[in-house]
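K.L.:
The primary structure of each chain is shown beneath.
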Amino acid sequence: MDGPDPGLGLGAENISEFEKPDVSGWAKASLIMGILGVTVFPFVGAILAIVFARIAKKQILRTDLGGDGLATAGQALGVVGLLLLAIGIFILIRHESLKAFVNDFFNWETIKFWWPKVGRAFLTTLKLAVVSEFFILIVGLLVALLRLSKVKTFRVLATIYIDVIRGLPLILQIFIVYFGLFYLGLNFSRFTSGVVALTLCYSAYEAEIYRAGIESIHKGQMEASRSLGMTYMQSMRYVVLPQAIRRVIPPLSNEFIMLTKDTALVAFIGLSEAFLVGKEGMGKAANVTPLVGVALFFLLVTIPAMRGVQYLENRLSKGD
Amino acid sequence: MRSNWTKAAIGLLLVALFVVPMAAGCGSTSGETLTKGKLTMGSDTSYPPFETMEGSKPVGFDVELAQAIAKKMGITLEVISTAWDGIIPGLKTNKYDVIMSAMTITADRKKQISFSDPYIDSNQSLCVANNSAIKSTKDLNGKVVGVQIDTTGQTKAEEIQTSAGIKEIQKFDTILVAFEALEQGKIDAIINDYPVNMYVSGKRGKTKVVETIKTNEQYGIGVNMTNTKLLGSINKALQGLRDDGTYTTIYTKWFRSAPPTE
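If you read the sequences in order, they're chains A and B.
Numbering of the first sequence is given in my numbering, commencing with residue -7 and proceeding in unit increments.
Numbering of the second sequence is given in my numbering, commencing with residue 35 and proceeding in unit increments.
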């Protein structure tokens, strides 16, 4: 039958035990900005009201200051101010030049005709990215191991490869693979050239990432497994690499997202992936809407992927 | 719940912010040209003999004719190299005064921009590698045809695609890249403007023009639809060049024969 512990200050009756708190200055500012935001300075006032309110709330949590209610009111007014502004702009949409914007970026007729085409071409984009990634993960690791090899020749060759590739623009590499290798008797198709060029390029970058990951594993691991009688390769395979791979998964995942975007460059040798189809649509429909579609398809994949990488990072770091 | 509304409102607002400057930027120019005393010309300068870059200098039939027009108007000319598939949006957003880039006058394009009086006639043509067995569009069954993206060459190829049995129409950013692909056997043929096919085949020597595909097209100078004053001046200058023989001189220089009479 004990009452609430007075030390916790949970019951309302305990408030009187505390002194009347000062009101947070930020909260007051937020309310003032909110009022101004609805009346005189729509955008700036509203934004400041919301920002101040957030600062105020954080401050109130940290300290004993009061004014939570004021901050809430300021924030609410800020939101209302923004909404009013947005509504005002919506009304402005009846104005000709804004109509022209919508007509150019979100033309409904163009959307109906071109976005499905862009979507289908985006499948090629994805195919290019996934197939390339498969090879990149393998080749990248091989190059990293060469780079770390005890054999000097391997190390030198790997370093030259990495430096040259990382020193050239990817679009140039794509052209060289498609048009240049011809003179060595290699006549790849556009898709294959894309895979080859992307693999060559990204393997160089990912080799460095693998290398950093491997080198970040404490030397003691290698020494311990060697002293247990494992060979260098065995130590790598069973002890070092498993740990290193876990560390490099987040950066490698980021590279994959970049790879997905870089597939657009293969449009310049004529491969019908999303970007090329978008450009074609832009010319035929005479507005930018097809390219907006391309952008949306990319975001549909890259943004969830970025959140996924973040989730991976969190999960993996828990194990360390 | 409150903070989600806040985020939504901010998001909506940011969208609106992007929209307002866009609206403001759509104003038309007050003078005749964007910069007083200078005519700026957008052009895909990889299209010989009409326009191409020699080092850092643009040369070609279009370039010379444009220079003559500017001179007739009493102003100077500046050529702005532009990617072909952004050339019309560039004109509409006032990146340059005119488009002069071997651009065919078509009904679709007329919906976007105005055209001057036609300044030269042209046709399409079929171009193949020197050792190719293809003699005409009838031999294109199962073949891959290269075109420059968004050109009348592409339109023609698409027109005959089903009837000629063309396997695929590959689109390239510039016609010169398409020629590289043709010479390497990556594509079987190119459908593109006759004068350009003839010129490039002659210069690089690895391809040949096997058929003229009559389309009776005409090139025009593109002008922003709102700039009727400039359009008038250009037409006037063009007519003046025809009248005083300058047009004939330039034409003969680039095409080794006199221009056809009207």
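One thing to keep in mind: the hints can contain errors.
Stated by the list, open to error - In silico lysine to aspartate or glutamate, EDC-like type, Cα no more than 16 Å apart, as pairs: (1) LYS145/B / ASP155/A; (2) LYS169/B / GLU245/B; (3) LYS242/B / GLU202/B; (4) LYS276/A / GLU192/B; (5) LYS276/A / GLU245/B; (6) LYS276/A / ASP56/A; (7) LYS129/B / ASP151/B; (8) LYS263/B / GLU112/B; (9) LYS106/B / GLU245/B; (10) LYS276/A / GLU217/B; (11) LYS248/B / ASP119/B; (12) LYS105/B / GLU217/B; (13) LYS276/A / ASP155/B; (14) LYS126/B / ASP96/A.
Unchecked claim - Some residues of chain A that are not near chain B, with every Cβ distance over 10 Å (derived): (15) PHE35; (16) VAL71; (17) TYR170; (18) PHE171; (19) ASN179; (20) ARG182; (21) PHE183; (22) SER208; (23) ARG218; (24) ARG229; (25) LYS253; (26) LYS271; (27) GLU272; (28) MET274; (29) LYS276.
None of these hints come from the bench; they were simulated from the model.
Backbone N, C-alpha and C fix where the C-beta goes; we use that ideal spot for every residue, glycine too.
K.L.:
Against this structure, judge whether each hint is valid.
P.N.:
The hints, checked one at a time:
Taken as a hint, the LYS145/B and ASP155/A pair is broken in the structure, with Cα atoms around 50 Å apart against an allowance of 16 Å. With a CA separation close to 7 Å, the supplied pair LYS169/B and GLU245/B stays within the 16 Å bound. A hinted pair counts as satisfied when its Cα atoms are at most 16 Å apart, and LYS242/B with GLU202/B does not qualify at roughly 21 Å. Taking the CA atoms of LYS276/A and GLU192/B, the gap is near 13 Å; set against the 16 Å cutoff, the hint holds.
A C-alpha spacing of about 26 Å is found between LYS276/A and GLU245/B, which places the hinted pair above 16 Å, so the restraint is violated. A threshold of 16 Å between alpha carbons decides the hint, and for LYS276/A with ASP56/A the separation of about 64 Å lies outside it, so the pair is violated. This hinted pair does not check out: LYS129/B and ASP151/B have alpha carbons roughly 22 Å apart, beyond 16 Å. At most 16 Å may separate the alpha-carbon atoms for a hinted pair to count; LYS263/B and GLU112/B exceed this at roughly 19 Å.
Among the hinted pairs, LYS106/B with GLU245/B is inconsistent with the structure: their alpha-carbon atoms are about 38 Å apart, more than 16 Å. Pair hint LYS276/A plus GLU217/B does not hold up; C-alpha atoms about 28 Å apart against a cutoff of 16 Å. Our distance criterion of 16 Å between C-alpha atoms is broken by LYS248/B and ASP119/B, whose separation comes to about 24 Å. With a CA separation close to 40 Å, the supplied pair LYS105/B and GLU217/B exceeds the 16 Å bound.
For a cut-off of 16 Å, the pair hint linking LYS276/A to ASP155/B is broken: about 23 Å separates their Cα positions. Restraint check for LYS126/B and ASP96/A: the C-alpha separation of about 11 Å stays at or below 16 Å, so the hint holds. Against the 10 Å criterion, PHE35/A falls within the reach of chain B, whose nearest CB is about 7 Å from its own CB. At roughly 5 Å, the least C-beta separation between VAL71/A and chain B is not larger than 10 Å, which violates its mark as non-interface.
For TYR170/A, the condition that its CB be more than 10 Å from all CB atoms of chain B is violated, with the nearest at approximately 8 Å. At roughly 6 Å from the closest C-beta of chain B, the C-beta of PHE171/A falls inside 10 Å, breaking its exclusion from the interface. Non-interface status of ASN179/A relative to chain B is broken: a Cβ of that chain comes within 10 Å, the nearest being about 7 Å off. The Cβ of ARG182/A sits about 8 Å from the closest Cβ of chain B, inside the 10 Å cut-off, so the non-interface label is violated.
Every CB of chain B lies more than 10 Å from the CB of PHE183/A, the least distance being 12 Å, so the non-interface label holds. Distance to chain B confirms SER208/A as a non-interface residue, since its nearest Cβ pair spans about 37 Å, more than 10 Å. Separation of ARG218/A from chain B is adequate, the least Cβ-Cβ distance of about 52 Å exceeding the 10 Å criterion. For ARG229/A, the non-interface assignment is confirmed: its Cβ lies about 42 Å from the closest Cβ of chain B, beyond the 10 Å cut-off.
With a least CB separation of 19 Å from chain B, LYS253/A remains clear of the 10 Å interface cut-off, as annotated. For LYS271/A, the condition that its CB be more than 10 Å from all CB atoms of chain B is violated, with the nearest at approximately 5 Å. In this structure GLU272/A is not separated from chain B by more than 10 Å, as the shortest Cβ-Cβ distance comes to only about 6 Å. With a minimum CB-CB distance of about 7 Å to chain B, MET274/A fails to clear the 10 Å threshold, and the non-interface call is violated.
With a least CB separation of 7 Å from chain B, LYS276/A falls inside the 10 Å interface cut-off, contrary to its annotation.
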